[in-house]
Amino acid sequence: MQVVFQITTAGEDMHKAMLGQIRNLLTYAAGKGQAVRVEVIVHGGAWPLLMHDSPSANAVAVLAQDKVAWLICRNTMNSQHVTESELLPFVEIVPAGVGHLVERQMEGWAYIRC
Amino acid sequence: MQVVFQITTAGEDMHKAMLGQIRNLLTYAAGKGQAVRVEVIVHGGAWPLLMHDSPSANAVAVLAQDKVAWLICRNTMNSQHVTESELLPFVEIVPAGVGHLVERQMEGWAYIRC
Amino acid sequence: MQVVFQITTAGEDMHKAMLGQIRNLLTYAAGKGQAVRVEVIVHGGAWPLLMHDSPSANAVAVLAQDKVAWLICRNTMNSQHVTESELLPFVEIVPAGVGHLVERQMEGWAYIRC
Chain A
0 MQVVFQITTA
10 GEDMHKAMLG
20 QIRNLLTYAA
30 GKGQAVRVEV
40 IVHGGAWPLL
50 MHDSPSANAV
60 AVLAQDKVAW
70 LICRNTMNSQ
80 HVTESELLPF
90 VEIVPAGVGH
100 LVERQMEGWA
110 YIRC
Chain B
0 MQVVFQITTA
10 GEDMHKAMLG
20 QIRNLLTYAA
30 GKGQAVRVEV
40 IVHGGAWPLL
50 MHDSPSANAV
60 AVLAQDKVAW
70 LICRNTMNSQ
80 HVTESELLPF
90 VEIVPAGVGH
100 LVERQMEGWA
110 YIRC
Chain C
0 MQVVFQITTA
10 GEDMHKAMLG
20 QIRNLLTYAA
30 GKGQAVRVEV
40 IVHGGAWPLL
50 MHDSPSANAV
60 AVLAQDKVAW
70 LICRNTMNSQ
80 HVTESELLPF
90 VEIVPAGVGH
100 LVERQMEGWA
110 YIRC
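Chains as they are written, first to last, in numbering that gives the first Met the number 0: chain A, 0 to 113; chain B, 0 to 113; chain C, 0 to 113.
Note that these hints are calculated values from the structure, not bench results.
Incorrect hints may appear among the rest.
[Said to hold, decoys possible] With a straight-line cut-off of 35 Å between C-alpha atoms, the simulated DSBU-like cross-links for lysine-lysine are:
| # | chain 1 | residue 1 | chain 2 | residue 2 |
| --- | --- | --- | --- | --- |
| 1 | C | Lys15 | A | Lys66 |
| 2 | A | Lys15 | A | Lys66 |
| 3 | C | Lys66 | B | Lys31 |
| 4 | C | Lys31 | C | Lys66 |
| 5 | B | Lys31 | B | Lys66 |
| 6 | A | Lys15 | C | Lys15 |
| 7 | C | Lys15 | B | Lys15 |
| 8 | A | Lys15 | A | Lys31 |
| 9 | A | Lys31 | A | Lys66 |
| 10 | B | Lys15 | A | Lys15 |
| 11 | A | Lys31 | B | Lys66 |
| 12 | C | Lys15 | C | Lys31 |
| 13 | C | Lys31 | B | Lys15 |
| 14 | C | Lys66 | A | Lys66 |
| 15 | B | Lys66 | B | Lys15 |
| 16 | A | Lys15 | B | Lys66 |
| 17 | B | Lys15 | B | Lys31 |
| 18 | C | Lys15 | C | Lys66 |
[Said to hold, decoys possible] Label-pair restraints from in silico Cβ distances:
| # | chain 1 | residue 1 | chain 2 | residue 2 | range |
| --- | --- | --- | --- | --- | --- |
| 19 | B | Gln79 | A | Glu83 | 21 to 27 Å |
| 20 | B | Glu85 | C | Gln64 | 50 to 56 Å |
| 21 | C | Thr82 | A | Ala63 | 31 to 37 Å |
| 22 | B | Ala9 | C | Thr82 | 42 to 48 Å |
| 23 | C | Glu11 | A | Arg36 | 34 to 40 Å |
| 24 | A | Ser78 | B | Ala68 | 29 to 35 Å |
| 25 | C | Gln64 | B | Ala29 | 46 to 52 Å |
| 26 | C | Phe89 | A | Asp52 | 41 to 47 Å |
For each residue, glycine too, the CB sits at the ideal point set by N, CA and C.
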């Protein structure tokens, strides 16, 4: 299974719901003995999720250790004046969040819109 | 055509909008003489839609008779303390809503996020 | 790259966010020298976006010149009493917005839910 999540909203409730969904997905895949690749594209209003001072920083870091990739959109960083040093250390930057979502789907990945 | 809908919100307006979309899709497919398979994954806050006392219970049941499959996530049932006996009788339970959405897409189904 | 966007909400902020995402996607594809086809399915509450008096009419028209296709759902037009003459001149009408979204995905297009 290969899946790319998209999140664009600032609300902590939405962030927590997504984190729970990803944990449930990993548990489900593990129970079936299936490999799973998960990427989360963070753009629009969701950027605070990946900052050092994010209320969900610990949960995000735990999932990163579990091989979940956290990707932020460069366009969002530019418009929100977010610098790399403010981001959690494992966050990767993609030039265009939507471009990445399209490419992953064209490569056969599933898509979950949060 | 094979399509899996995802709904996670509690609002009746959203439920009604989705029910209308599904009816329109069935009409469209019938008009083209095309077979269509529809599944709806209900999780997160959307679980009241599938309860016996749901304001949309009748509309949901009519679509179930028209071969639309209604699936609820076991994780949501557990977190919301929903029991099988409270659900409409045709509702099926999947172990992980997001897992099912990913699997269907990997099998080539289309995805509609409500 | 081939991608179909779906928008169903009335809010101008959401419309502007989507317009920005499409512009960023076109820039990204151009930078990679990749062809990109973009369709936007407008249904539900989003129909004001495509009216002559839409606050975003200019931005929509600029993207139309850049080969973005703007599609409105006939079911939405009927329920909202929108006539063809009220729409921006380049807007195309599809019989069922969700039907079109499903067909495009079955043809291999990516899907972005706004």
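So, going through the hints one by one against the coordinates:
1. C/Lys15 <-> A/Lys66: holds (34 Å)
2. A/Lys15 <-> A/Lys66: Holds, because 18 Å separates the two Cα atoms, which is no more than 35 Å.
3. C/Lys66 <-> B/Lys31: Given pair C/Lys66, B/Lys31 holds - Cα atoms ~28 Å apart, limit 35 Å.
4. C/Lys31 <-> C/Lys66: It holds: about 18 Å lies between the C-alpha atoms, which stays within 35 Å.
5. B/Lys31 <-> B/Lys66: holds (18 Å)
6. A/Lys15 <-> C/Lys15: Answer holds: A/Lys15 to C/Lys15 is near 26 Å, not above 35 Å.
7. C/Lys15 <-> B/Lys15: Within the cut-off at roughly 26 Å; holds.
8. A/Lys15 <-> A/Lys31: holds (25 Å)
9. A/Lys31 <-> A/Lys66: holds (18 Å)
10. B/Lys15 <-> A/Lys15: holds (26 Å)
11. A/Lys31 <-> B/Lys66: Roughly 28 Å between the alpha carbons, so the hint for A/Lys31 and B/Lys66 holds.
12. C/Lys15 <-> C/Lys31: Distance ~25 Å between C/Lys15 and C/Lys31 Cα, so the pair holds.
13. C/Lys31 <-> B/Lys15: Roughly 42 Å between the alpha carbons, so the hint for C/Lys31 and B/Lys15 is violated.
14. C/Lys66 <-> A/Lys66: Cα-Cα ~38 Å, so violated.
15. B/Lys66 <-> B/Lys15: holds (18 Å)
16. A/Lys15 <-> B/Lys66: Given pair A/Lys15, B/Lys66 holds - Cα atoms ~34 Å apart, limit 35 Å.
17. B/Lys15 <-> B/Lys31: Given that 35 Å is the threshold and the Cα spacing comes to 25 Å, the pair holds.
18. C/Lys15 <-> C/Lys66: Distance of about 18 Å is within 35 Å: holds.
19. B/Gln79 <-> A/Glu83: 21 to 27 Å: Taking Cβ atoms as reference, B/Gln79 and A/Glu83 lie about 40 Å apart, which means the hint is violated.
20. B/Glu85 <-> C/Gln64: 50 to 56 Å: holds (54 Å)
21. C/Thr82 <-> A/Ala63: 31 to 37 Å: Because 52 Å falls outside the window, the suggested range is violated.
22. B/Ala9 <-> C/Thr82: 42 to 48 Å: violated (35 Å)
23. C/Glu11 <-> A/Arg36: 34 to 40 Å: holds (37 Å)
24. A/Ser78 <-> B/Ala68: 29 to 35 Å: violated (41 Å)
25. C/Gln64 <-> B/Ala29: 46 to 52 Å: Distance hint for C/Gln64, B/Ala29 is violated at roughly 37 Å.
26. C/Phe89 <-> A/Asp52: 41 to 47 Å: Hint holds: Cβ distance 46 Å, inside 41 to 47 Å.
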